[in-house]
Amino acid sequence: MDLVLQLLFTGIGIGAVYALVALGFVLIFRATNVVNFAQGEFSMVAAYLMVVCVEMGLPYWLSFVLALVGMALLGVIFNLGVYYPLRHRTYLPVIIATIGASILLANSVLAIYGPQPQVLQGWFETPGIQLGPVYLDSQYLLIIAVTIALVIFNYWFFEHTMLGKKLQATSQDKEMASLLGISVSTMIMITFIYSAVLGGLAGILVAPILFVSIQMGSTIALKAFAATIIGGFGDVAGAIIGGLALGVIETFGAAYVSVPYKDGFAFLVLVAFLVFRPQGIFGERVAEKA
Amino acid sequence: MALLDIRDLVVRYGEIEALRGVSFSVEQGKVVTLLGANGAGKSTTLRAISGLAKPAAGEILFDGKSIAGLGPEAIVRLGISHVPEGRRVFPGLSVKENIMLGASNRRAPKRQLSDEADAMFDLFPDIRAFSNALGWTLSGGQLQMVAVARGLMAKPRLLLLDEPSLGLAPVIVQAVFRIISEIRRTTTVLLVEQNARMGLSVADYSYVLETGRIVLGGKPDELWGNEAIAAAYLGGHAKAG
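Sequence order for the protein chains is L and G.
If you count the first sequence from 1, position 86 lands on 79 in the working numbering, and the numbers rise without skipping.
Just so we're on the same page, the working numbering is the position in the second sequence counted from 1, plus 376.
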């Protein structure tokens, strides 16, 4: 039982990272009808930005803020350079452009920083606290706390502000939104900035647990992509539940079955969903978009 | 001077010329209807006015100023609100949210928009009870009410209505047209209709479009008597409705 609780904690922690990246996937997908294959690279770039800032001797919190500001900028550049020129084309050229951008980002970081994985320390000095039978790692606690805060913020933003409503309207019918005077290009810009910051946040939070490497982006993105499918593609709640579920499943799989096959469990679940419930957990609600 | 003046408007979709030199005007305070069969270019005309379709040639003057080539976001800010074909109510947003978003062409605090949307239900009592229902759960008639209410939230000087009667039961069509006769007290309306009887019944002036050209224009009582329109558009009510 103790082990189960411990694994549950770890699983939710790592799942929260997938959930944040998945949320970025879903928001961009809803706004542009395109899967952004560079979403994982946002996490990787942010982690490197963090490493650079910390190595320069800046305080951890300031590095954190600077890295997120950098991600917001990257969101702007990404929108203007990758999405905007192709916005009147079909989804295919845009998807290919995001794959190209993903390769560009990964190799730019490789060229600047080299292939050596970097280590980023966690936010807290104390490694964690013992709560009864469960050891709560401080970094996992931070991840879970930030994710909870962001989910609440996300709900408030989309359900209780006019800007959130305009973003939803834009994602549901761009032409109608423009007829009402909503600036569609501004809404899409905001979406890219928000998604880049979300992805960056996930990268910064998970960096002390994993190594900071060129590959971390694609690993996280694949899991997050699986999470969005499990949750129901295009569904915000589904992305979060899917991410958490995936984190828990792979953690338990690693503990009880086989550690080397940890990533395999995530994709096994993905395949099972694709075969038996391709619309995902919250699949029906995607139909509302029609 | 007319509120809206359209001169020799040409719109092309690729090779196809949807409008081939359309000219007409809409006077302030009037209801003008564009009649015509499917594919005559009625919706294209409205799309060109609201900025969704780019004119290839011709002029669109609103209040004396050229608006041809401006984007839809700019045009709705000038005071032209377009309620397009198919209602286009946002399916994942509530009725009230849809209506509140109609004011996106002007700056106003959320509380004020909420009050204005509530006031809009006085004109549309049938949808008041569905204030919190999501768009996709509504019937066609309710959707039409929401779409018109949303269009009015822009406080337009000119309201463009595209086929409000399409696909609605006769009793609902009459309710919609009752609302149009309410709206005309405060707003100039350019109405596109396939249902010529309804279109003529509310109009001060009507034009008939045929394959991208205006072929006829006149006051409703003149058009009722015109044999050409009677034969082409009024004869088969079932077909026209």
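Careful, some of the hints might be misleading.
Under the rule of at most 20 Å between Cα atoms (straight-line distance), these lysine to aspartate or glutamate pairs were calculated in the EDC-like manner [unchecked claim]:
1) K406/G <-> D439/G
2) K430/G <-> E461/G
3) K486/G <-> D(-5)/L
4) K167/L <-> D439/G
5) K167/L <-> E449/G
6) K486/G <-> E461/G
7) K430/G <-> E152/L
Which chain G residues face chain L? A few, computed with CB under 8 Å, are given here [as the list claims (entries may be wrong)]:
8) K430
9) R453
10) L454
11) R464
12) F466
13) G468
14) L469
15) L477
16) G478
17) S480
18) N481
If you are wondering where the hints come from, they were derived from the structure by calculation, not from laboratory data.
Think of the CB as a built atom: it goes at the ideal place given N, C-alpha and C, for glycine as much as any other residue.
Quick rundown of the hints versus the structure:
1. In summary, the hint linking K406/G to D439/G is supported, as the alpha carbons are separated by about 14 Å, within the 20 Å threshold.
2. Note on K430/G and E461/G: the hinted pairing holds, with a Cα-Cα distance of about 18 Å set against a maximum of 20 Å.
3. About 50 Å separates the Cα atoms of K486/G and D(-5)/L, which puts this hinted pair outside 20 Å; it is violated.
4. A C-alpha spacing of about 28 Å is found between K167/L and D439/G, which places the hinted pair above 20 Å, so the restraint is violated.
5. Distance hint between K167/L and E449/G is fulfilled; the C-alpha atoms sit about 11 Å from each other, no more than 20 Å.
6. Our distance criterion of 20 Å between C-alpha atoms is broken by K486/G and E461/G, whose separation comes to about 28 Å.
7. Using a Cα cut-off of 20 Å, the hinted pair K430/G and E152/L is violated, with the two alpha carbons roughly 35 Å apart.
8. At its closest, the beta carbon of K430/G sits 12 Å from a beta carbon of chain L; the interface hint therefore is violated under the 8 Å criterion.
9. The interface hint given for R453/G holds, since its Cβ lies 6 Å from the closest Cβ of chain L, which is under the 8 Å cut-off.
10. With a cut of 8 Å, the hint placing L454/G at the interface with chain L is violated, because the nearest CB-to-CB distance is about 10 Å.
11. Checking R464/G against chain L: minimum C-beta separation of about 4 Å stays under 8 Å; hint holds.
12. Interface hint at F466/G: satisfied, since its Cβ lies 5 Å from the closest Cβ of chain L, which is below the 8 Å cut-off.
13. Nearest Cβ of chain L to the Cβ of G468/G: about 5 Å, under the 8 Å cut. The hint holds.
14. For L469/G, the suggested interface contact is upheld, since its CB lies about 6 Å from the closest CB of chain L, less than 8 Å.
15. Among the interface hints, the one on L477/G holds; its C-beta lies about 5 Å from the nearest C-beta in chain L, closer than the 8 Å criterion.
16. Given the 8 Å rule on beta carbons, the hint for G478/G holds: about 6 Å separates it from the nearest Cβ of chain L.
17. The beta carbon of S480/G is positioned within 8 Å of a beta carbon in chain L (closest approach about 4 Å), and the interface hint is therefore held.
18. The closest approach between the C-beta of N481/G and any C-beta of chain L is roughly 3 Å, which is under the 8 Å cut-off, so the hint is satisfied.
Checked against the numbered hints given earlier, this structure breaks hints 3, 4, 6, 7, 8 and 10; the rest are met.
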